[in-house]
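If you read the sequences in order, they're chains A and B. Reading the first sequence from the start, the letters are residues 1 to 395 in the working numbering. Reading the second sequence from the start, the letters are residues 1 to 483 in the working numbering.
No lab work stands behind these hints: they were computed from the structure. Please note that the accuracy of each hint is not assured.
As the list claims (entries may be wrong) - Reference excerpt, derived from the structure (chain B facing chain A, CB under 8 Å, subset only):
no.	residue
1	L120
2	V188
3	L189
4	V191
5	G193
6	Y195
7	V199
8	H216
9	G244
10	I349
11	Q411
12	Y417
13	L426
Just so you know, even glycine gets a beta-carbon here, dropped at the ideal spot from N, CA and C.
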Amino acid sequence: MQRKNNSLFIKDISQGVLKPLGQIILFILGTSLVLSALMLLLALVLSGTAIDQKAFSDNGVSLMRFTLENLPQVLIDGITLGFVYAMIALGYTMVYGVLEFINFAHSEIFAIGAFVGVEILIALNGSGVLANATVLESYGWLVLAILAGMAASGIMAMIVERIAYRPLRNAPRLVPLISAVGVSFFLQDAIRLTESLTTGQFYRVFPSFGNFDSLVPLYNFAIGASNIKLSISVKSIWVIVAALVMLVGLNYLVNVTKVGKAIRAVAQSQSSASLMGINVNRIISLTFLVGGAFGGAAGVLYALKFTQINPYMGFFPGIKAFTAAVMGGIGNLTGALLGGMILGMLETFVGAYLSTFTMGAAGSEYKDILAFAILILVLIFRPSGLLGEQVAQKA
Amino acid sequence: MTNTLSKRLQPIFARIASWFQNSRNAFIFAIVYCLITTLLVYFSPRSLPDFILFLASGYLIFALKMSIKQKALVGAVLALLIIPVVGIRNISYLGIFFQIAMFSGLALGLNIVVGFTGMLNLGYTAFFLVGSYLWAFFGSQQMFMLYAIPGTQPETTQYYLPANSFYLFLFLGLGLAALVGFLLGLPVLRVRGDYLAIVTLGFGEVMRVTANNLDHPINLTNGPQGITQIQRPILPAGLVQALGNFLAPVVGHVATQDEFYNVFFYLLALIIILFIILVVVRLNNSRIGRAWMAIREDELAAGAMGIPVVSYRLAAFSVGASFAGIMGVCFAASQTFVSPESFSFMQSIGVLSMVILGGLGSIPGVILGATVVIVLNFQVLQQLSLWLNGLRQSGGVIPIINFAWQNLSPQLDPAQYQRMLFGAILILMMIYRPEGILPPKLRKHERQTPSETVPSQLTPSESTPTEQTGEVADEAEAEHGAA
């Protein structure tokens, strides 16, 4: 193979690394600004009303101040969550792009990644390795857990595709979808069974080690009399950095490499791609592998952030990530990023503010179903998603 | 060797088959089989194989070539006389019979949506929830608890409505669920098939979470604790006593009022199912049913033929939902307790697996599917759990690998693994037999070439192939008319 010359290399880097990085930063800034502005506007409109008074008697500060003081932390949490959703959403959107089919079992692939990663860390913790590890070593073990989770999830996704989807590839649309629902349910209990037989319990906790729980102060600033301390936990930094690295890596893989070209070709037309000498089955397997690996990594990061995992944990993150994928335009990688970011932010906003703004009538307990409301709205008003193109329905 | 054996056995099989073609012989066989299995269940009320054999008699009545009158006679005796008596004798069976009847109703409703129109509805229990909570709210003291903290006792002992308004609420539940289905369908039925699945799934979760959280600001649902003390319609005490005494020598004890309530709800569910089947059959053989089928087979073509696709889908969605609503009212009264837990996503998938197992679009198939799944879920898995527990306590050891049963993890409890069961059913059916155990008649006919169809004189009680071809012609005509 001929060596690529320098200008091509620069083009590759700008296409595969800088462009997605720029997009991510743009999305983060955009969603943060829009949502914050909306929130502050709402607080401004409602100032002086009964809601304001209630907020004052509950929190000791006016509604505006309450909104403002919480905003930076909410944004940081939202970004962290958004990255997790974006990573899961990539799995849905890649498979959809190639096969036009909702991989319902992706939420369990995500859970498998979480379990493998956490089990490895628990085992390491049990042998005392983690307790004596330096900070750098503990980061190393976390990376190992993420890689193991990725490998397990990716391979599992391939197996699922081979067993439950490939025989049904030419069947009517509903058939593989029902099979996928079945796989999802089957895997939930399969995880539970494996966990209970090997460890005796299926509710697991991410072991605490290293300095993941400590807070890094970012900035202190004063608004009027109150001093706002903005800080971010080390684990959130890890979630963001790991997700960033992988998202950029995926973009590079899909947009620059030869394999990525093959994936895009298969997504456009399977028959034409196979005429061009591409092994369609292998590319589809590979798509599942990559998508599953991303789900697995997201699983470990999710476990790092929320510490508690169980076999049914995948359901809500899965649905939200799917919503994110649809919102961004399913089949579109950039769209999945944008959708994940918006959804993660919205969810954190609802969790932080809904209770205060509705005077306690509805609170963060509704944040899990927020995704469905958004999904329905998106499907009604813009079924092609924010960044998707209008495509005709395939029968 | 086996080849010659099978060749030798073939004429014997043929003779047996021809013997069964005679409706009188089949009738006699059905009676004898029912009698034997009834006696088996009666004398060994805890044996699972006997119970399954007994349940198979229901299928036998359906499958054997008898006249409609003969089928109705045997079926009625089985459903109205034998099952209640067997059920009162072993009350857990009566619970199973009620579950089978109830879930058959739900599955028949879902079958309209998934089987007839080809829309995947993963949130079907939402409509079941609507019906259940409707009667739970009006049939309990919840009306007096609107501003009370969940879990407190109401100050009054009165109920808001008399118990017998239950019968009215059966119809209200039907109507309300249909309305909810209509309102949900209005925006979402325009989206394509696989999105619809996710949207309905979301709707199911929205309903469950809402029911879980509507204990504040106004306490409508009592939150996660659920609504208790839901009224049941009044059974006349004199009749209960008389029947209890009358049945005492047969069932071994004087049946209590509670047991009669179980029988009552079983019979009620049976009536509702008959009503549902009637509606479904009439709909399916009408212009609406043919339009549904056309939409299922090819939405674009159906639309091009002038079928208003969205409104027909909407009709299917609300009709399916309404059946869940009426069953929900029945469920709330029979349990006297509802909580959001009963309406999880898993329930929706359970009903879906019944429809898929039995056969999409096939009424007897769906009922068979419901029966099989319920028996697997509530009997086979439970029995497996009991068996494993027995092994654990027995102190036995597996010889070769030297594994003591005692060390078997207590987490290995098959009764807890319903999701695995439902999942396995869905996957296996999709891969190996997507049309289900008992595929619908018309589709079977469609799949065969005309020369392969069964000669009409062998199926006197069913519609003959020639009639079916006529139907297809009708359909084309109807569509033409609609255009």
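Comparing the hints with the structure gives:
| no. | hint | in the structure |
| --- | --- | --- |
| 1 | L120 | holds (6 Å) |
| 2 | V188 | holds (6 Å) |
| 3 | L189 | violated (11 Å) |
| 4 | V191 | holds (5 Å) |
| 5 | G193 | holds (6 Å) |
| 6 | Y195 | holds (6 Å) |
| 7 | V199 | holds (6 Å) |
| 8 | H216 | holds (7 Å) |
| 9 | G244 | violated (42 Å) |
| 10 | I349 | holds (6 Å) |
| 11 | Q411 | holds (3 Å) |
| 12 | Y417 | holds (5 Å) |
| 13 | L426 | holds (3 Å) |
Violated hints, in rising order: 3 and 9; the structure is consistent with all others.
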